[in-house]
Amino acid sequence: MSLFLSGGFDWAEFTPQVREMIVRGIWETLYMTLVSTFMGYVLGLPLGIVLAVTGEKGIAPNKAVYGVLDFIVNITRSVPFLILLIVVSPLTKLIVGKSYGSSATIVPLVIAAAPFIARMVESSVQEVDKGVIEAAQSMGADNFTIITKVLIVEAKTSLIVGVTIALGTILGYSAMAGIVGGGGLGDIAIRYGYYRYDMEIMVVTIIILILLVQIMQYLGMALSKLTDKRKIK
Amino acid sequence: MEPIIKIQSLTKIYNEKTNPVKALDNIDLEIQKGDIYGIIGMSGAGKSTLVRCFNLLERPTSGIVTVRGQDLQSLTPRELRRARTHISMIFQHFNLLMQKNVEENICFPLYINKVKKPEAHARCKELLEIVGLSDKAKAYPSQLSGGQRQRVAIARALATNPEILLCDEATSALDPQTTSQILDLLREINAKFGITIVIITHEMAVVREICSHVAIVDGGRIVEKGTVDEIFESPKTEEAKRFVLYRERKVTFEGGQGI
Ligand SMILES: Nc1ncnc2c1ncn2[C@@H]1O[C@H](COP(=O)(O)OP(=O)(O)OP(=O)(O)O)[C@@H](O)[C@H]1O
Ligand SMILES: [Mg+2]
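Protein chains in written order, with the working numbering: chain A, 161 to 393; chain B, 1340 to 1598.
If you are wondering where the hints come from, they were derived from the structure by calculation, not from laboratory data.
Keep in mind it's a predicted model, so treat the numbers as computed, not measured.
Where hints are given, some of them may not hold.
To be verified - DSS-like cross-link-like pairs, simulated, lysine-lysine; straight-line CA separation at most 30 Å:
#1 A/K391 to A/K258
#2 A/K391 to B/K1439
#3 B/K1453 to A/K389
#4 B/K1439 to A/K385
#5 A/K316 to B/K1464
#6 A/K223 to B/K1345
#7 A/K391 to B/K1477
#8 B/K1477 to B/K1456
#9 B/K1439 to A/K290
#10 A/K290 to B/K1575
#11 B/K1356 to B/K1372
#12 B/K1345 to B/K1531
#13 A/K316 to B/K1453
#14 B/K1531 to B/K1456
#15 B/K1345 to A/K316
#16 B/K1477 to A/K316
#17 A/K309 to B/K1455
#18 B/K1372 to A/K316
#19 A/K217 to A/K316
#20 B/K1456 to A/K389
#21 B/K1475 to B/K1439
#22 B/K1439 to B/K1453
#23 A/K217 to B/K1453
#24 A/K290 to B/K1356
#25 B/K1345 to B/K1575
#26 B/K1361 to A/K217
#27 B/K1475 to A/K309
#28 A/K290 to B/K1475
#29 B/K1453 to B/K1477
#30 A/K389 to B/K1475
#31 A/K389 to A/K290
#32 B/K1361 to A/K316
#33 B/K1372 to B/K1464
#34 B/K1345 to A/K385
#35 A/K290 to B/K1361
#36 A/K309 to B/K1361
#37 A/K223 to A/K253
Hey, can you work out the whole structure from these sequences and the hints?
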């Protein structure tokens, strides 16, 4: 029975199998989100730092390097995720061995996340006070030291906020991948809600998705506040 | 005696290609070891640009910058970084690492110079004593007053035993009383360690209080330079006269604040 037909919420829908499926969906979603975010940062953090450093106002401006990276990031960013999902599926198959399921979804997720993470990192690093960078230069610091001991350190709070945003966005993307059988909660919501009109299961999965995003936001923001030494506590 | 800082025909033009601004126009200047040299001028006169050429934070368009006998522009990047450890700088807005505590800030230049941790901590302790902040080692800059932050910046600047300390409006963000305390500290550092100090300021009172020499900068040129006594007793150029008299009046009427 469905929510809208019966006019009430039918708990009978939630058989042990369904509950088990939802729990598995939660794990799959967390797995996709966390692994993709991590991999996204493995690529996006250095990329973002290079963008910030070689940019016009960076510590080592380089038009050629910046131009190429900026172009790549823009191109990747402008492809809608669903299209990217389909376009990279041959690559996914090559890497993972199949083009459906949560492990397969990680490939397009990382490709979509890395440039977007790079942009956030770039902007966090650009926010670092020029005066502090100059002070480090006046002490004789080389660029590597400035990156690791000044830029990343001073941008810390903003970078953590970025991670929080990335987690939320990537979780949303992972749910979108449900349309092509991407696994996780989004997959469940689409299979039950869209194809079977099973509103109870869809609503519950959506609520869980919202809760997951909220929890991540809360933890991320709390962590960034906790580690921020700029404000007097 | 060979001057510790020697500037010859220094010219700096910003945005040469697009819309050129001549910030420095054929400057010659010599600063002797142990001097406290004031550089005074109106806003936009080119004071910061000049001093930033002393450690090549700003690259001159033409001219020669010789510091401690080295022609800075002839150095490799690595040699320049080495040279900079002898030329420290403090700033109007302190420019401390806000996410690091006082001790970590002071140890930063030592880290750059690959000083071992225990040695760095010992040095940090000494420096905190010199600037009178021994109880603040673990505090973060956000927990300190402006005067205390500048003391941390001074300690950090002294960490590598520099021969020169450049101060770009180091007291402009501080109240008169704190300014006076910081100036006392600078004077003490000059006397005790023989560090040559270059002070950029808007305030004639600052020059009066601690400088041995002064150069008056106007429109990218040095219009007059000499010992503080000379310039105050008998300013030669119109600019210097106007400057000295105007500033004097300001100081008398407004209680040492300057503009
Ligand atoms: N990065 C820059 N690009 C272009 N023009 C600049 C730059 N820095 C300074 N200028 C210009 O050079 C001139 C001298 O500037 P400078 O900062 O040296 O003056 P100043 O005497 O230190 O002034 P203030 O007392 O306001 O700090 C000004 O006309 C300024 O607009
Ligand atoms: Mg200035």
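Do the hints match the structure? See the list:
Restraint check for A/K391 and A/K258: not satisfied, since their Cα atoms lie roughly 49 Å apart, outside the 30 Å limit. For the hint pairing A/K391 with B/K1439, the CA-to-CA distance comes to about 12 Å; that is within 30 Å, so the pair holds. As the CA atoms of B/K1453 and A/K389 are separated by approximately 26 Å, the hinted pair is consistent with the 30 Å bound. Between B/K1439 and A/K385 the alpha-carbon distance is near 15 Å, which keeps this suggested pair within the 30 Å criterion.
With a C-alpha separation of about 27 Å, the suggested pair A/K316 and B/K1464 falls inside the 30 Å cut-off, and the hint holds. Taken as a hint, the A/K223 and B/K1345 pair is broken in the structure, with Cα atoms around 35 Å apart against an allowance of 30 Å. With a C-alpha separation of about 15 Å, the suggested pairing of A/K391 with B/K1477 holds against the 30 Å cut-off. The straight-line distance between the Cα atoms of B/K1477 and B/K1456 is roughly 16 Å, inside the 30 Å bound, and the hint therefore holds.
Note on B/K1439 and A/K290: the hinted pairing holds, with a Cα-Cα distance of about 16 Å set against a maximum of 30 Å. For a cut-off of 30 Å, the pair hint linking A/K290 to B/K1575 is broken: about 39 Å separates their Cα positions. Between B/K1356 and B/K1372 the CA atoms are separated by roughly 38 Å; this puts the pair beyond 30 Å, and the hint is violated. A distance of roughly 24 Å separates the Cα atoms of B/K1345 and B/K1531; the hinted pair therefore holds under the 30 Å criterion.
Between A/K316 and B/K1453, the direct Cα distance comes to roughly 24 Å. Compliance with the 30 Å bound is thereby established for this hinted pair. For a cut-off of 30 Å, the pair hint linking B/K1531 to B/K1456 stands: about 26 Å separates their Cα positions. Among the hinted pairs, B/K1345 with A/K316 is inconsistent with the structure: their alpha-carbon atoms are about 41 Å apart, more than 30 Å. The straight-line distance between the Cα atoms of B/K1477 and A/K316 is roughly 19 Å, inside the 30 Å bound, and the hint therefore holds.
With a C-alpha separation of about 17 Å, the suggested pairing of A/K309 with B/K1455 holds against the 30 Å cut-off. Taking the CA atoms of B/K1372 and A/K316, the gap is near 41 Å; set against the 30 Å cutoff, the hint is violated. Taking the CA atoms of A/K217 and A/K316, the gap is near 20 Å; set against the 30 Å cutoff, the hint holds. For the hint linking B/K1456 to A/K389, the alpha-carbon distance of about 23 Å falls within 30 Å, and the restraint holds.
Distance check on the hinted pair: B/K1475 and B/K1439 sit about 13 Å apart at the alpha-carbon level, within 30 Å; holds. Pair hint B/K1439 plus B/K1453 holds up; C-alpha atoms about 18 Å apart against a cutoff of 30 Å. With a C-alpha separation of about 28 Å, the suggested pair A/K217 and B/K1453 falls inside the 30 Å cut-off, and the hint holds. For the hint pairing A/K290 with B/K1356, the CA-to-CA distance comes to about 24 Å; that is within 30 Å, so the pair holds.
For the hint pairing B/K1345 with B/K1575, the CA-to-CA distance comes to about 23 Å; that is within 30 Å, so the pair holds. Using a Cα cut-off of 30 Å, the hinted pair B/K1361 and A/K217 holds, with the two alpha carbons roughly 21 Å apart. Among the hinted pairs, B/K1475 with A/K309 is consistent with the structure: their alpha-carbon atoms are about 22 Å apart, no more than 30 Å. For a cut-off of 30 Å, the pair hint linking A/K290 to B/K1475 stands: about 25 Å separates their Cα positions.
Between B/K1453 and B/K1477 the alpha-carbon distance is near 22 Å, which keeps this suggested pair within the 30 Å criterion. Restraint check for A/K389 and B/K1475: satisfied, since their Cα atoms lie roughly 15 Å apart, inside the 30 Å limit. Note on A/K389 and A/K290: the hinted pairing holds, with a Cα-Cα distance of about 18 Å set against a maximum of 30 Å. With a C-alpha separation of about 38 Å, the suggested pairing of B/K1361 with A/K316 is violated against the 30 Å cut-off.
In summary, the hint linking B/K1372 to B/K1464 is supported, as the alpha carbons are separated by about 27 Å, within the 30 Å threshold. Restraint check: the Cα-Cα separation between B/K1345 and A/K385 comes to about 48 Å, which exceeds 30 Å; the hinted pair is violated. For the proposed pair A/K290 and B/K1361, the alpha carbon gap of about 23 Å is at most 30 Å, so the pair holds. For the proposed pair A/K309 and B/K1361, the alpha carbon gap of about 35 Å is over 30 Å, so the pair is violated.
For the hint linking A/K223 to A/K253, the alpha-carbon distance of about 36 Å lies beyond 30 Å, and the restraint is violated.
Hint compliance for this structure: hints 1, 6, 10, 11, 15, 18, 32, 34, 36, 37 are not met, and every other hint is.
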